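Chemist: Here is what each chain is made of, one letter per residue.
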Amino acid sequence: MWALLQQTIDGLESGAVYAALALALVLIHRSTGLLNFAQGEIAMFSTYVAFSLNQFGWPIWLAAVSALVVSFVAGMILERALFRPLPTKEPLAVVVVMLSLFVGFNALAGLIWSYQVQRLPSLFPAGMISIDRISFSFDAVGTLGVLLLVCVLLYLLFSRTRLGLMMRGAASDAESSRLLGIRVGTMFGIGWGLAAALGCLAGILMAPRLFLDPNAMQGVLIFAIAAATVGGLDSAAGAVVSGLAIGVVENLAGAYVVGSDLRAVVPLVAIVVILSLRPAGLFGTQRAVRV
Amino acid sequence: MSRAASQFGIQLAPLVALAVGVAVPFLLDSYTTFQLATALSYLPALLGLVVITGLGGQIALGNGAFFALGAYTTGVLIKSYGWNELATLPAAGLLAFVVGIVLGVPSLRLKGHFLAVLTLCLAVVAPQLFKHFESITGGVGGLGIFLADPPSWVRIDATQRNYLIALAIAALSFASTRAVIRGHIGRALRAVRDNEAIAASLGANVTHLKVAAFAYSAALAGLGGGVFAIVIGFIAPDNFTLGFAALLIIGLVLGGKDSEWGALNGCLLVVGIPLYAAKIDQTASGLVFALLVLTATFLAPAGVVGLTRRLAGYWGGTGDAAPNRSANAHLTGLHDAGAAAGHCHEGK
Amino acid sequence: MSLLSVAALIAGYGPVTVVRGVSFTVEEGEACVILGANGAGKTTILRALSGLTWRRGRIALGGRDIATLEPDAVARAGIGHVPQGRGTFKDLTVDENLRLAACRRPAREASIDRDLVLDLFPRLRERLGQLAGYLSGGEQQMLAIGRALVCGSRVLLLDEPSLGLSPLVTAQVFDALRRLREQRGVAMLIVEQNAAQSLALADRGYVLEAGSIVAANHAHALIGDEGIRRAYLGV
Numbered sequence: 001m002w003a004l005l006q007q008t009i010d011g012l013e014s015g016a017v018y019a020a021l022a023l024a025l026v027l028i029h030r031s032t033g034l035l036n037f038a039q040g041e042i043a044m045f046s047t048y049v050a051f052s053l054n055q056f057g058w059p060i061w062l063a064a065v066s067a068l069v070v071s072f073v074a075g076m077i078l079e080r081a082l083f084r085p086l087p088t089k090e091p092l093a094v095v096v097v098m099l100s101l102f103v104g105f106n107a108l109a110g111l112i113w114s115y116q117v118q119r120l121p122s123l124f125p126a127g128m129i130s131i132d133r134i135s136f137s138f139d140a141v142g143t144l145g146v147l148l149l150v151c152v153l154l155y156l157l158f159s160r161t162r163l164g165l166m167m168r169g170a171a172s173d174a175e176s177s178r179l180l181g182i183r184v185g186t187m188f189g190i191g192w193g194l195a196a197a198l199g200c201l202a203g204i205l206m207a208p209r210l211f212l213d214p215n216a217m218q219g220v221l222i223f224a225i226a227a228a229t230v231g232g233l234d235s236a237a238g239a240v241v242s243g244l245a246i247g248v249v250e251n252l253a254g255a256y257v258v259g260s261d262l263r264a265v266v267p268l269v270a271i272v273v274i275l276s277l278r279p280a281g282l283f284g285t286q287r288a289v290r291v
Numbered sequence: 001m002s003r004a005a006s007q008f009g010i011q012l013a014p015l016v017a018l019a020v021g022v023a024v025p026f027l028l029d030s031y032t033t034f035q036l037a038t039a040l041s042y043l044p045a046l047l048g049l050v051v052i053t054g055l056g057g058q059i060a061l062g063n064g065a066f067f068a069l070g071a072y073t074t075g076v077l078i079k080s081y082g083w084n085e086l087a088t089l090p091a092a093g094l095l096a097f098v099v100g101i102v103l104g105v106p107s108l109r110l111k112g113h114f115l116a117v118l119t120l121c122l123a124v125v126a127p128q129l130f131k132h133f134e135s136i137t138g139g140v141g142g143l144g145i146f147l148a149d150p151p152s153w154v155r156i157d158a159t160q161r162n163y164l165i166a167l168a169i170a171a172l173s174f175a176s177t178r179a180v181i182r183g184h185i186g187r188a189l190r191a192v193r194d195n196e197a198i199a200a201s202l203g204a205n206v207t208h209l210k211v212a213a214f215a216y217s218a219a220l221a222g223l224g225g226g227v228f229a230i231v232i233g234f235i236a237p238d239n240f241t242l243g244f245a246a247l248l249i250i251g252l253v254l255g256g257k258d259s260e261w262g263a264l265n266g267c268l269l270v271v272g273i274p275l276y277a278a279k280i281d282q283t284a285s286g287l288v289f290a291l292l293v294l295t296a297t298f299l300a301p302a303g304v305v306g307l308t309r310r311l312a313g314y315w316g317g318t319g320d321a322a323p324n325r326s327a328n329a330h331l332t333g334l335h336d337a338g339a340a341a342g343h344c345h346e347g348k
Numbered sequence: 001m002s003l004l005s006v007a008a009l010i011a012g013y014g015p016v017t018v019v020r021g022v023s024f025t026v027e028e029g030e031a032c033v034i035l036g037a038n039g040a041g042k043t044t045i046l047r048a049l050s051g052l053t054w055r056r057g058r059i060a061l062g063g064r065d066i067a068t069l070e071p072d073a074v075a076r077a078g079i080g081h082v083p084q085g086r087g088t089f090k091d092l093t094v095d096e097n098l099r100l101a102a103c104r105r106p107a108r109e110a111s112i113d114r115d116l117v118l119d120l121f122p123r124l125r126e127r128l129g130q131l132a133g134y135l136s137g138g139e140q141q142m143l144a145i146g147r148a149l150v151c152g153s154r155v156l157l158l159d160e161p162s163l164g165l166s167p168l169v170t171a172q173v174f175d176a177l178r179r180l181r182e183q184r185g186v187a188m189l190i191v192e193q194n195a196a197q198s199l200a201l202a203d204r205g206y207v208l209e210a211g212s213i214v215a216a217n218h219a220h221a222l223i224g225d226e227g228i229r230r231a232y233l234g235v
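Chains as they are written, first to last, in my numbering: chain F, 1 to 291; chain X, 1 to 348; chain L, 1 to 235.
SDA-like cross-link-like pairs, simulated, lysine to any residue; straight-line CA separation at most 25 Å:
1) L/Lys90 / X/Ala197
2) L/Lys90 / F/Gly164
3) L/Lys90 / F/Ala237
4) X/Lys131 / F/Val272
5) L/Lys90 / F/Asp234
6) X/Lys279 / F/Trp113
7) L/Lys90 / F/Phe158
8) X/Lys79 / X/Ile165
By construction, these hints were calculated from the structure, which means they are not laboratory data. Owing to the predicted nature of the structure, the values given are computational and were not obtained by experimental measurement.
Bound-form chain F, shown alone (with noise of 0.2 Å):
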């Protein structure tokens, strides 16, 4: 019973990150209507950069802060440079591009960084907190912590401020957004930095605990995709439910039912499952197509 209870804890942990990089994944799909495949591999990059500066001899917050804001910048003319001058909007053509940056974005990091493991020290002190059998580390309830705070300054962003109700009505309709003098260029952009900001973000948590090499964040980005896509793409709220399920599934399922090795596939499993039964998503709105 208390060993269920920590599993489902250290799950908690992991669906944290899983969390963060499928809200990135919502935020583009929502402005853009793009799911974009490179995002693991972006946020990859964008960790390295926090590891850059910390061997630098920057503390690991401030380095954090500043891979933020670089990925927000990058994210910003990722947008601009590439997705928005596209010559055609064919999803086909749009995947290939992500696929490229997605192969682009990791033979950069190997050539600049090496395909050697390297550690990237924790945001929080080391440490734990224990309540009779169950031990939290610092670790978890500051992923947990932070991945709260994101999601309730998101919230506010997009329901209390005009930035919000301009990006959102940029993602519902960019035309009459346009007619009403709304720059939806500029919003997508901002969509773009942000996402890019979760998924740096994403990667600086997950680094210290299951480190850092150009592969790391492709199994991030599965169970991300597979958390978004469950939660309906459009909906911010499922992508984190779902990504904190997923976690906790994979760690019970790795732990109880087939072993470490396997532990990916439970959650890939469900995913068909669920996609099978409810073809949108389990929060999804299912989209009527005009002929």
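Go by the hints and put chains X and L onto chain F.
Modeler: Coordinates of chains X and L only, in the frame set by chain F:
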């Protein structure tokens, strides 16, 4: 060039290519032959992608997994059960086909992103599965496949024999895919891709079509994988990661996703580019691919084949008779969607 | 100087030219109508003014050339385009729709216009918390018009405001437009197939056929014209 002449040229082109292909191992050195054989082992997988992604518009990121399945089928059958290498190939293709149907049926209810997501999961899960079932697959360490040299009376060495096997399979896949592209099913697929709701309302059994295309692409990928195992002689789960699946799609788009020639271009690019990139730096090939794709996307969205069509247009030829975008062709496609529906109902 | 002046406007979609050189003006505080059958190019004119299609020619708002501006810049310059199909944000509430329109203005100015809109369209006030997607056609039209106003537009471009609406609701919409003119004096350019209501509202009108203007006169003169009556008033 007159229409008749260019049509004749079009019919003749594959045969010319085949003749050149057969001559290659006897004219070029062993290393080049080996590289070309590797490229040819990718060709069936890319041809399959032309059908499901180029024609069908379904973004299938999981065909790397089917390729791996075929490779392991061949590997295991040869190594553990002593099968003759040629006999393993139909088995590889068939197994991949069956798995393709099993996975295709639930996944093809999904549209656009959701299907891409599912196949992405497949691409990631497959290497894990291969690593897990160590006793069969040899796990992380991989599987070595040792083939006996050809008997001396045949007068070709192992590399040349492997190449010729690859060529034979590639040629069969090419011919079959060409037939699919130019026939009913190709037009029906295009109709479904362009407007699924209308195609369905005209009687196309959309799900059957999509599953059939998906399973066909899986079978071809499996076949290609089997050939790959024979040519390379050693396979490991890490050969077949997400990066590999990404490379296949990139190769498809760079080469030209709508035609069988595009697949041929693609497989040459997929093998050729890393070779060049390795001269700069071992790890640079990913970067080179990325830059190439991005440049191509902005300058030549239709891939190499699109470029050649445009050039042919400038020279006054009508290009080949393959997919044209006129409204009539669109309607013909929809008509054929209905005809294919009839086929599907009777055949399956 | 006219508020909106258009000269030799040529516009279309892709390779197709729909508008073949039209010229017209809209004066400060005036309501103008452009009448035309389906396919004549009315919508294209408005879309061209907003920069949503390619266009050539001179377009000046308050003397300032806007012919090369992007749609969002055109809107910021003072064009309030109410498109066919209303263009309301269906996943946002009525209140959010109005707030979004007010985004670019100082809060005080915007709230004066917002109060005006809610006075003119009491139904909107009742439905502030509802998603715009659930409003009836007439209510959405009112919301769309209200939005263009709250946005601070100097001239409203209304694309077939009667489309899809019952005669009763159409009358209500035009009545609201009339009161809007009286209270705020905002200029309007209306394109319509339905001549009766729009000519009753307008000061001047133009008739568009196959991309060219074939008649231009004061509204009452157009109403009196036999040919117009037969073609557009069904008399």
